[in-house]
Amino acid sequence: MSASTLDKTQKAGMFRRMVLCRKFEERVYYLFLEGRLPGTVHQSAGQEASAVGVCSALVEGDVITSTHRPHSHAIARGLPVKSLMAELFAKSTGCCRGKGGSMHLGDLALGMLPAIAIVGGGIPLATGQALAFQYLGRKNIAACFFGDGAANIGTFHEAINMGAIWNLPVVYICENNKYGASTSVDKVMKVEHVSERAAAYGIPGVTVDGNDVEAVHRAMWSATERARTGSGPTLLELETYRFSGHSRSDPGHYRPQEEVAAWKQRDPVALYEKALTDQGILTEEEARQIHDSVEKELEEAVKFAEESPSPAAEDCLSDVFA
Amino acid sequence: MSASTLDKTQKAGMFRRMVLCRKFEERVYYLFLEGRLPGTVHQSAGQEASAVGVCSALVEGDVITSTHRPHSHAIARGLPVKSLMAELFAKSTGCCRGKGGSMHLGDLALGMLPAIAIVGGGIPLATGQALAFQYLGRKNIAACFFGDGAANIGTFHEAINMGAIWNLPVVYICENNKYGASTSVDKVMKVEHVSERAAAYGIPGVTVDGNDVEAVHRAMWSATERARTGSGPTLLELETYRFSGHSRSDPGHYRPQEEVAAWKQRDPVALYEKALTDQGILTEEEARQIHDSVEKELEEAVKFAEESPSPAAEDCLSDVFA
Amino acid sequence: MSLPETQIPAAEASARKLTMVEALREALSEEMRRDERVILLGEDIGIAGGFGGAFTVTLGLAEEFGHRRVVDTPISEAAIAGVAAGAAAGGLRPVADVQYGDFLFIAMDQLANQAAKLRYMSGGKISVPMVMRAPVGATTRGSQHGQSLEAFFTHVPGLKVACPSNPYDGKGLLKTAIRDDNPVIFFEHKLLYGSKGARKEAGGIEVLGHVPEKEYLIPFGQAKIARPGRDITIVANLLMVHRSLQAARILAERGIEAEVIDVRTLVPFDWDAVAESARRTRKLMIVEEDNLTGGWGAEVAARIGDICFGHLDAPIRRVAAPDTPVPFAPVMERFYIPSTDTIVATAQELVSSY
Amino acid sequence: MSLPETQIPAAEASARKLTMVEALREALSEEMRRDERVILLGEDIGIAGGFGGAFTVTLGLAEEFGHRRVVDTPISEAAIAGVAAGAAAGGLRPVADVQYGDFLFIAMDQLANQAAKLRYMSGGKISVPMVMRAPVGATTRGSQHGQSLEAFFTHVPGLKVACPSNPYDGKGLLKTAIRDDNPVIFFEHKLLYGSKGARKEAGGIEVLGHVPEKEYLIPFGQAKIARPGRDITIVANLLMVHRSLQAARILAERGIEAEVIDVRTLVPFDWDAVAESARRTRKLMIVEEDNLTGGWGAEVAARIGDICFGHLDAPIRRVAAPDTPVPFAPVMERFYIPSTDTIVATAQELVSSY
Ligand SMILES: Cc1ncc(C[n+]2csc(CCOP(=O)(O)OP(=O)(O)O)c2C)c(N)n1
Ligand SMILES: Cc1ncc(C[n+]2csc(CCOP(=O)(O)OP(=O)(O)O)c2C)c(N)n1
Ligand SMILES: [Mg+2]
Ligand SMILES: [Mg+2]
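Protein chains in written order, with our numbering: chain A, 78 to 399; chain B, 78 to 399; chain C, 7 to 360; chain D, 7 to 360.
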């Protein structure tokens, strides 16, 4: 795949992934409301263009790392929705066999390290993955997702610096959704863009409209090119917004209503649907079919999850050591 | 005291402090060789202009924080040499009553927090001191010393960012002596100057010849003005060099001989002595008297330290809790 | 040393009932009113329209005390701890918090190497009067949001460690912690916050406590006999106090009178109270939610085993989580957290087999 | 379970004597030759003209294996640990190090929350075969360069913990650690490195050990009876093995035959060996350099006290550092570190009073 030549199939595929991310979160929202899922959840509706745009530039063998807000990343990376849903249902067929839960979704064999729920905690791990790729002479890269909030934690600094000095094949992706929990980004950093911090490590920093999936794809593509050819990391900042609260229990009252409304005007899924139909890449009928097939896939995923067996209580004891 | 108007007495005083720093380290070097001091030591000969230039801009009530290499900082801040020497001798008259040792020299009442030997570990503490000053409405500032090596550790990032967003009265002072232990600074960071990292926090970053004590004084002075007037921190980088190895056991073979020789040409103590005598601020006779009085002060300090009582073994048990 | 529950000043006398969250909030606001030097530092603690910290403890405090005293921080746990320590050395009395105790590991150097040792390294010249609040306990959030971390901090000389099990103790101990001139790690259990005025936690138990309106403090180092008994001593903290009390009620139906001791603080620890009780009942068990190996219960077993040697009729047994990370699936998590059943069974075995 | 010293393959048979530093270096280079995936990560470990790490263990390895495999890092302990963990998950077998164990606190989140839990959180799908080497022990460098930290890591499920007392074990355990598919924290004692081929440490003891040229591994979880005895069991690790052996010699002169067990690994722990010995001698003491409260010895006392209940004639006693930070002054530091005298006195008391 090359950035300049996203063909129809690819675009339709990216669109479908975005729809899948969105509808997955919608289902999960209601499943939680109905009390059918345990624990908590951090949802990513509104950030689909970022997840899908990034992962659309990846190839087999690449690895992503994620955060407490990993659903769309996992879906965009192509993890089977069934195994994700089953994990949320705490079933033994889940991608982490019920041991991980929402905040640790992942499957390394499929290109995603279990998500790390400690803010910034995954940045060194992604850097280590990249070191392994470089050392082993693989052409793969690590794509490391984190939020604007993570840009203030020590591991951001230490790990990006290491990636930089060793020219590692890694792309550091900051999804700047303007808030870390309830805290507005400009309360906690003086620079306007997280990407400005790239200069501190001597690597390129780029800020992109994170709600424009093709713009994200293009920016990520150049970053992966750099990474794959030994030129080192890029700090890619994707400006986006989460539509929901920070976590399940958060109504999000700290955000001005106009701000939320303005961002909803720029709903990345709707925008892309409109772009693709406007450009004649998708007919309205095709778009509808995509929506329908996603609904069906999710229906099946929920069914699969519900029908899957729970782990046994004693499974608690396994998997501590290899 | 104002930066533009260092008078003769002040300059002579700064020179004397520099000589005191230098000769203190020379004594300590031999005392260790003779086996009269326990533990290890990180010496700062060559970095006197930085320590003295910075502290010459401080006033009563200001606080410095320091590192594993704190001797010159402590002397420059005006801690009694006796109490420092006694601490190195592990005596109960030492500034930390024999509990701290070389790496933890300090006396908060005299404007120096005990030095922190964990690289970067003192940066949050200095920031906290500054928060206290700001909160209490004091006009004081914190001056936070650390090395180039510390610029890659998480606390550097976290604490400077906090100082920046809260406009705290603190000056972050990186003594860039080109090496962290045996590791050359350009192996571990891609930027040329640590001060370039200031931009990541939206604060000014300044690089100054750290072997020119008056240049250091001037730069520190402006930084303190900013800090005292509520405009927030500065990241001040002082380019300097240590003449000795990293620690007692290090012959320093990783440094090119020409590099060491070139820096010795720029010995800050000799440079300042020459400048002051050239400018007629000190006569050669006055300079000699300064050297002599320093020798005498150190002689007394060693005598004081040697004659001071050791702590009792059981003193180990006290001072854990207030 | 230990005060039986009835002697506690005015606790039961008060008609007013508060949840843990309300009691902690009241402790903070009383201390902030009393002492201008008390400030709060943490993530999302004071944002307008926000949460009041991860578990609402600081809700409303920014409105009363302003953002100068309720300071929202970036996500920078190491600096939060270190800045608190530095500010404490500089004359303030900061109460910092992490949203989940699990994040204390990020701040470990600043807590264990700096805050805990500053006084010692300075030869006793510095005080570091800070509090670090940290919620612990497993609540179906998986491995990185459910650990119990008391043992790590109990093992650091220079830190005090508190762990209240109920609103009355929560308020009294937090006030004491704030007035203490040493760094205090203050553990709160997520399932004990209560639902009134708090974020609702699934599985949380409703511990409403009598909290007098009149000011009181609870001294550190005084365990509480939460329930007297003659047949066996059960030492517990936090949520496990409640499980142990529930177990004691079940045991009582079977004719076994268990004495339940709530340690309240782990450093300092009320060795006298536990030793006295153990000598009296001649049987001791310890219940903690932390992983078995190296939990704080190990120290209790080791030390009481030593000082009560020959006075016990049974081995000292520990009921604790297995040596695994916290699993996500509720079925596994229930297995992980020590249950009332296990406590009952263990006590019964000790009483009947020895 | 435990092998008496004489049964250890070829240990005494070899004429070659190495210091700990030489033995560890040999382990690293043998494993690096054997397995291309083994790389080293740390500060100042491979710089030309440099130290070979803080204690010379990696000296010369960059010359043999190049800077691709001996990777000098910035001073970034959290990232060192996390990058090692990530690289391990990605197929390498990194051996990282910190210059002083005290700095592990900086890396604590990456070790305890990430490396230790990745496997579990993934439902067993990931392995993290990494080693984190860390020198411990007090050597007149003050509070931040002399701690013993074994207990903190022994308490983290998912981490293994090794702590060799001599060159033979050092080599064999390090090789095993590198081949283990789990994260291993590998503690080395500064005073045991030896002076040959190493940085000379004041107070260091010269532990030259027979190290066969032929390859060998030492399995984890097998304690070693460093000296057999019938009157009391002394369990120790690292430097304290040597103090305990010296104490045993003194005790022998007084007619007391102490059995000294070197635990060698704390996770997994050889419970059988210690329980068997304790049952046999009917008296147990534990010696560690760590602070008493919550040290690993607490777990040993607690568990052996439980499983050997009724089989011991005396309380289990621990000899450990007091609950203070490490003081600087040698006179205080000597008081701090458990001494041979204290071990002798404690053993003597246990043997004669019970
Ligand atoms: C080290 C750490 N501190 C605090 C938290 C609690 N927490 C979870 S998510 C979050 C906000 C993260 O903000 P950001 O990085 O911008 O990601 P976003 O939630 O916006 O996707 C916080 C404070 C955490 N998980 N880890
Ligand atoms: C966190 C931490 N890592 C490693 C060390 C060991 N160490 C002590 S000084 C030093 C080099 C520090 O370099 P720099 O910050 O440039 O200060 P300098 O020694 O040059 O004054 C190292 C690696 C330490 N003390 N703390
Ligand atoms: Mg965000
Ligand atoms: Mg340096």
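No lab work stands behind these hints: they were computed from the structure. For every residue, glycine included, the Cβ atom is placed at its ideal position computed from N, Cα and C. Hints are not guaranteed to be accurate.
With a cut-off of at most 25 Å between alpha-carbon atoms, the simulated DSS-like pairs for lysine-lysine come out as follows [claimed, not checked]:
# : chain 1 : residue 1 : chain 2 : residue 2
1 : B       : LYS85     : A       : LYS267
2 : B       : LYS100    : B       : LYS267
3 : B       : LYS216    : A       : LYS267
4 : B       : LYS100    : B       : LYS341
5 : B       : LYS100    : B       : LYS85
6 : B       : LYS351    : B       : LYS85
7 : A       : LYS341    : A       : LYS264
8 : A       : LYS216    : B       : LYS267
9 : B       : LYS88     : B       : LYS100
Now the stretches of chain C that chain A is said to cover, found in silico as 3 or more residues with beta-carbon under 8 Å [unchecked claim]:
#  : stretch
10 : 28-35
11 : 52-60
12 : 106-120
13 : 140-153
14 : 324-330
Against the structure, the hints:
1. B:LYS85 - A:LYS267: Between LYS85 of chain B and LYS267 of chain A the Cα gap is close to 41 Å, so the pair fails against 25 Å, i.e. violated.
2. B:LYS100 - B:LYS267: Violated, at roughly 36 Å.
3. B:LYS216 - A:LYS267: Distance of about 24 Å is within 25 Å: holds.
4. B:LYS100 - B:LYS341: holds (16 Å)
5. B:LYS100 - B:LYS85: Satisfied, since the Cα-Cα distance of roughly 22 Å is no more than 25 Å.
6. B:LYS351 - B:LYS85: Holds: LYS351 of chain B and LYS85 of chain B sit about 15 Å apart, inside 25 Å.
7. A:LYS341 - A:LYS264: Measuring from Cα to Cα gives roughly 23 Å; hence the hint holds.
8. A:LYS216 - B:LYS267: holds (24 Å)
9. B:LYS88 - B:LYS100: holds (18 Å)
10. 28-35: violated (count 0)
11. 52-60: holds (count 5)
12. 106-120: holds (count 3)
13. 140-153: It holds: at least three residues are needed, and the stretch 140-153 of chain C offers 7 whose Cβ sits within less than 8 Å of chain A.
14. 324-330: This one holds; 3 residues, not fewer than the three required, reach chain A with a Cβ under 8 Å.
Of the numbered hints stated above, those contradicted by the structure are hints 1, 2, 10, listed in ascending order.
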